[in-house]
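Kindly produce the complete structure, drawing on both the sequences and the hints.
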Amino acid sequence: MSWIDERVDMNVYSQGEVDRWVYSTCNICSVGCGCHIAVKDDKIVGIRGNAEHPINRGRLGPKGENQWYANNSTDRLVSPLIRNASGELVPASWEEAMSLIVRKTKETLKQKGPNSIAIYSTGQGHLEDYYTIAKIGRAGLRTHLLDANTRLCTSTTEFCLLQSFGADGTPASYGDVDQADVLMLFGHNLAETGTVLFERVMQRKNRTGKPYLIVVDPRLTPTAKEADLHLQLYPGTNVPLLNGLTRMIVKAGQIDEAFIRKHTIGYDKMLESVEEWTPEKCAEVTGIPVDQLEKGAKALGQAARVVTTTLQGTFQSADATTACVAINNYHLIRGLIGKPGCGPLHMAGQPSSSANRTVGGVGTYPAHRNPQNPRHLQEMARLWNVEERVLPAGPEKGIEDQISMIERDEIGLFWNIGTNPLVSLPNRPRVKKALERVFVVVQDPFLTETAAVADVILPAALWGEKEGTMENADRTINVLRKAVDPPEGVRSDFDILLDFARRMDFRDKDGQPLIGYHTPEQCFEEWKRISRGRPCDMSGMTYDKLERQNGIRWPATEVAPLGTPRLYADLKFRTEIDEAQSYTKDQFTGRPLTEAEYAELKADGRAILHPTRYSPPPERPTAAYPFWLTTGRLVWHWHTRTKTARSPYLQAIAPNAYAEINEEDAEALSLVPGEIVRIASPRGWIEVPANIGRTVQKGLIFVPFHYGSWEGRQAANELTADFVDPLSKQPTFKQSACRIEKIRHAHTLTMEDTLQTVADHYRIRLDDLRRANRLAADHGVQAGRTLEIPFSAANVTLPAYRPYLKQI
Amino acid sequence: MPELYALFEAVSEGARKIERETRSADNPLVTLLLVVLREQTQQIERLLPKLRDERVELADCKKEIAIVYNDDDLLDSYFRSWLRHLKWSEDPFEAEGEHLLTLLEEMKSRLKEAARLLEDRYGYDAVKYVIPSFYLPILR
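In order, the protein sequences belong to chains W and F. The first sequence lines up with residues 3 to 810 when you count with the working numbering. The second sequence lines up with residues 95 to 234 when you count with the working numbering.
Hints are not guaranteed to be accurate.
[Stated by the list, open to error] Dumping the calculated SDA-like pairs for lysine to any residue here, alpha-carbon to alpha-carbon at most 25 Å: (1) F/K202 / W/M407; (2) F/K181 / W/E743; (3) F/K111 / W/K114; (4) W/K434 / W/S617; (5) W/K108 / W/D512; (6) W/K511 / F/K206; (7) F/K202 / W/R615; (8) W/K434 / F/P96; (9) F/K222 / W/L595; (10) F/K157 / W/E527; (11) W/K604 / W/P619; (12) F/K157 / W/L595; (13) W/K108 / W/R391; (14) F/K222 / W/E390; (15) F/K206 / W/D411; (16) W/K114 / F/K181.
If you are wondering where the hints come from, they were derived from the structure by calculation, not from laboratory data. Everything numeric in this text was worked out from a predicted model, so none of it was measured.
Take a look at the structure:
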């Protein structure tokens, strides 16, 4: 491992010693740090990093250290709520709430059929919750409409892996990051989204000089500032960049021809698709000078050990899956996969979104089974003891298609579990209007913004109040023990789902209850049987082993119980027709291939190289909306701040949204630092302070997406367009068009006025008044002239989070 | 199978019309749309001669049928996205786009009707892996 030492980060607020420390895993980002929860008087009073856990050796990120405050928040929901005839949410008993949900479910099934019930879950729950959703959804409700907010964060990971390798499961792991000579962080702001892993990378880099760090990002992020080579491309040009780099590597002869011949198919068509991307054309489209492209191609073409990671800069862009496939192509043509220090490591955004994919709560059938393959559904029917004909076949519907279905009244019940779509989905005005048409169940610990459209709200337990497992971004399964009981009146997601299944009287073909388990651990034992023999085989794991080993990477079987550090070490890819998780999709249109088409490819255990044709973002800056808009995360907050805004520390540091604006653009518009501006797009507008600097390139505006309260106008998703990637159906949050509108008072100067008196009157700095009006000095400013007065100003300077600097 | 033949032929005509009307538009969504429309039309061209044979087995035409349906599913999504784009960009083509959406919805209705006929003829278990479930009768 890379860590040379341990450092136990701790945040405890307690009078005297705590009563006990309970084994757990951080529930924030996808890195998967081990931790212990401090308990005193049956309350969670803190957290500390697990020094023995190989992923973090005791370290925690700022959000991880502060996640426990939410557990004790005084505004926890402690009773179900039902919207009454007057439109008010009023407290109800669990009996009333669950009876209503069951009645609505049965009515909807009767009127509109199985594909009218949607379960939209999360990437922050437990594997056992997702598996239960998969079983209830497919074998109980028989619906295709199982999706989650993982669609917003990690579905591109799944689909790019299916396209190239036949099955989900990211090939490389953190151990490979530790051994890489070159690490390319592609659209991956690791310093803010995975602080502990970034610290791990930087500790090694500062110690050994390795890895050579290439960062691809249109913004000068904290990650990019540490790069050896920052490829600061124009928004929406990931595929042109990768095509250009691939072409240069091929032209330089830096490919592994024997590997390509023996272990891949599709090389010629792939090569044809990159042929037009000369360095000059690539430079013109991406905005990256040719010499920098050459530098990147040289590093990527010559290094013997390369890991490429991806995150939302890739996943939430136009051409998301094609960009990730291009990265897979690169690793395949150089033979850099399945060996130490090599491979793509497509990350996940959330702590357990990978688990949701793995067990079939979203996407395909459990344990990487192909919903188009009759043999896979027959196997599932046998394992679940149900008739095959009841199991829905074919591809699922992503959330954006579900919104369209709701608009057409095809969905009657939308069950929202552990996510806040009225802040997190693009084009929020449209989503709100749609969800107002349908019966909505919201299952959450708090009254989120989505409660505005809820018909029933179920209070759910938080991290630390329930037991289960999670899968992080590198296939590690970690266990979380229950530290305390949930508050009275609150139930775990798992218990709610089991209660629903019982009330719906779902049964197998022998008349036995469909859900035969009663605890998360029993559920995990059933899941192990489902996973046996599949790529994600977990039959060698138990809760106790997971705790003893501090996490195990799948596959982990009885014969190899310690797991698998990297996939495809044997160079046997999961593309055999009855092994593949998907028959793949057309790489350009996203149309699912038929079994016959897939058979014609004759992949037969070889990886698939796909052509990577460029399709630019559908919306681009125009005369009316001349700026690119991109959205993203801050190091200080998590998602829609449901948890992090309840930490006094995190909330105090970053209480409000803002718009990052390039200093040249600000100068051209005579904007004042911190001035409140209106950012408008064809969908809506927000009013936030201007954060002027060089983090964003000229012509680009960045708005953090965390802020979505109905009070105020700060929600980035009032602005974003709701287009999706053709393959993964992941929304393209990173590319919309917008404009900046100034919000200013007018002040006409009188004979008595000076600039100073005007500035004092409006409580702004004299320099800001001058800047806003392009005034060099007092003289020349005469009575009768009208000045623009910036509406107000706010301090938008956030402190940097760089604990790794302590190590240097 | 004259009924099925007529339904798929009408879908093909609709696809051709939408292709004609949209081919000059300049947007990546339209580029996708056109590729899908052309593929759908080609597949129906292959399918129609097979449907002339009353005794045709599903195995002989399931590849074409599956592609036609999956293409239609994509068309719906891409076309609605493009319509939103037209609205946001205040494009004068929006009104024509709305008209074409009606045509697209008619194509979908015909495909649903064809799905019902195919299910009647070959049985649910046979068509389940060929026709996406959203086109099959919703209640059974």
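- So which of those numbered hints doesn't the model satisfy? 3, 4, 6, 7, 8, 10, 11, 16
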